[in-house]
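Novice: If you want the building blocks of each chain, they are given just below.
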Amino acid sequence: GNSVTQMEGPVTLSEEAFLTINCTYTATGYPSLFWYVQYPGEGLQLLLKATKADDKGSNKGFEATYRKETTSFHLEKGSVQVSDSAVYFCALSRPVSSGSARQLTFGSGTQLTVLP
Amino acid sequence: KAGVTQTPRYLIKTRGQQVTLSCSPISGHRSVSWYQQTPGQGLQFLFEYFSETQRNKGNFPGRFSGRQFSNSRSEMNVSTLELGDSALYLCASKETGADTQYFGPGTRLTVL
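Each protein sequence line maps, in turn, to chains H and S. Under the numbering used here, the residue at position 55 of the first sequence is numbered 55, and the numbers go up by one with no gaps. Under the numbering used here, the residue at position 99 of the second sequence is numbered 99, and the numbers go up by one with no gaps.
Do not take every clue at face value.
Residues from chain S that face chain H, not an exhaustive set, calculated with beta carbons under 7 Å [as the list claims (entries may be wrong)]:
#	residue
1	L43
2	F45
3	N56
4	D99
5	F103
6	L112
Worth flagging that the hints you see were computed from the coordinates, not collected in a lab. Note that the Cβ used here is the ideal one computed from N, Cα and C, for glycine as well.
For reference, chain H alone in the conformation it holds in the complex:
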């Protein structure tokens, strides 16, 4: 079946540090890959996505590249801010059956805390 393995947290960084959160997946075919972010007391916000091999998703300084050969989609940011403190979820979406039905499979989430 489909699965997503995400770097265990929590991760604590100083402001302006470089961030990497590792994510690897198991799935047949070519899933779409996503990073979602969850701030305290809120739902999930889409951070970025990639739909095919070698695609790079980017948003708000965050980037992730779809690596088919290593089945990975690691999240990176060159300089984190205190406001980036949140929980980050890696996820994949695969068709469930014919048609446009989709089901997201999530990693366990990584808590990021950025200190001033």
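Position chain S relative to chain H; hints supplied.
Specialist: Just chain S, lined up with the frame of chain H:
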């Protein structure tokens, strides 16, 4: 466009009761999915509705059910509540044929 909305935001129930949660998708989105988030199990898929039909279901007991209305609004129902049903219930919507799901703020259910 307005985002996905969920009501109520918070609920407190006791064991054995039932509860109904509501979700309004982004305008034009006909697919609505529900997810349960708990500290122990993480984010788990409950079910997906499209055009008033359930077309995908996760591995949850029959106490968890849902429906979708002609305006794409969806409700989920949990009967005979158990302590373990305490969770954040998230609703997500997407456009037909698309991959990306957009989430609402969630309903925090506490079962006492």
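Novice: Hint by hint, say whether it matches the structure.
Specialist: Verification of the supplied hints:
no.: 1; hint: L43; in the structure: holds, 4 Å
no.: 2; hint: F45; in the structure: holds, 5 Å
no.: 3; hint: N56; in the structure: holds, 5 Å
no.: 4; hint: D99; in the structure: holds, 4 Å
no.: 5; hint: F103; in the structure: holds, 4 Å
no.: 6; hint: L112; in the structure: violated, 20 Å
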